[in-house]
Amino acid sequence: MCSYIVEKAALVGSAKGRKGWMRIDTANVYFDHPYHSTLDHVLAIDFTNEGEGGRDRVAIELSADSARALVTRILAALASGEAAHAGPVSADAVAI
Amino acid sequence: MSHYRALQAEPVRFRGHNGDQGEAYYARPVASGKYPGIVVIHHLPGWDEWIMEVVRKLAHHGYAAISPHLYFREGTESPDDLGARVRAAGGVADAQVVGDVAGAMAFLRAQPNATGKIGVIGFCSGGRHTYLAACTLPGIDAAVDCWGGNVIVDDPKDLNEKRPVAPIDLTETLSCPLLGIFGNDDANPTADQVNRTEAVLKRLGKNYEFHRYNGAGHAFFNTARDAYRPEQALDGWKKVFAFFARYLAAAPSRVAAE
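Top line first, the protein sequences correspond to chains V and D. According to the working numbering, the residues represented by the first sequence are 2 to 97, in order. According to the working numbering, the residues represented by the second sequence are 218 to 475, in order.
Next comes chain V alone, as it looks inside the complex (with noise of 0.2 Å):
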């Protein structure tokens, strides 16, 4: 595939590139031919701050499979850290 096809995200946050932190507030989210990676295409994700001109930005190449367990973990990450943060200090949330 040859494609223009972008999926845009709005983010709140900061991604830290080749001049140290930044502001960000975009991710560009592609799945095509990479760059980098020699897989023959790659779930690219570049995270940069459009409302800065997007001339910096900090991009990951992942397969296709590894893209997908890394949603998984973000979302377990979430729910497990909401849950923790959210309730009381337990004991079992202090030995993680």
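These are computed hints drawn from the structure, not numbers from a lab. Hints may be right or wrong, so weigh each one.
To be clear about the criterion: a stretch of chain D counts as covered by chain V if any three or more of its residues have a C-beta under 8 Å from a C-beta of chain V, and this derived list gives those stretches [said to hold, decoys possible]:
id, region
1, 240–249
2, 260–269
Now the in silico label distances, taken between C-beta atoms and shown as ranges [said to hold, decoys possible]:
id, chain 1, residue 1, chain 2, residue 2, range
3, D, Leu-451, V, Ser-64, 22 to 30 Å
4, V, Leu-12, D, Gly-307, 17 to 25 Å
5, V, Glu-83, D, Asn-401, 47 to 55 Å
Every residue, glycine too, gets a C-beta built ideally from N, C-alpha and C.
Once you have looked at the hints, place chain D on chain V.
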């Protein structure tokens, strides 16, 4: 087959679409003589190391080859960052790419070593751009489309301001011989789309030659990818060089001392 082992390869400045000045990668044999020119159109990820290897490979075979950096207007950062920016902006406009190809052709013609014959070769999105250039620019003597996707556009919604016309709809004005190299496992273009493209070329009586490879998908020449298929790629390159030799009449053998 002629081999030119002494090469000169370097970034150069060229004038592209609208007279904009940008960077290109240019390689040619060192030995004095006249050489046909070839414009190399890079793939969507950008002006990368592999595309420069292709430029040097063509020079090694006796051509003055140039690959314009199609994203030069975006800035001076690394080609991968510029490619990411272009992708996020929906790609570059077809008219701009064709203008840059015309500018690269003019650069080649202006060189003292030029025979005046010009070929174009492109990969992936560059294959599509090659098809477009061959249908719209005068003065191309041979064009090679390597697995260009979206030559056929089945859904009109995929046409937009930057890519307003499906290249297949311009086939009537194709003005030079066309070589197509495709992998049968490719998802874009699919084997069916390649067949349909061929049917149009045939119906319009165009001079074309298509080669399809089993066990190969997209980008199977690309040694930097898992998609690389050495046997199919070796045969494909053989077809490319035979085609260019036929229509560009490469300079006679001048094998320099290694």
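A quick look at each hint next to the structure:
1. 240–249: violated (count 0)
2. 260–269: With 5 residues close enough to chain V, the hint holds.
3. D:Leu-451 / V:Ser-64: 22 to 30 Å: Holds, at about 28 Å.
4. V:Leu-12 / D:Gly-307: 17 to 25 Å: holds, 20 Å
5. V:Glu-83 / D:Asn-401: 47 to 55 Å: With a Cβ separation near 49 Å, V:Glu-83 and D:Asn-401 satisfy 47 to 55 Å, so the hint holds.
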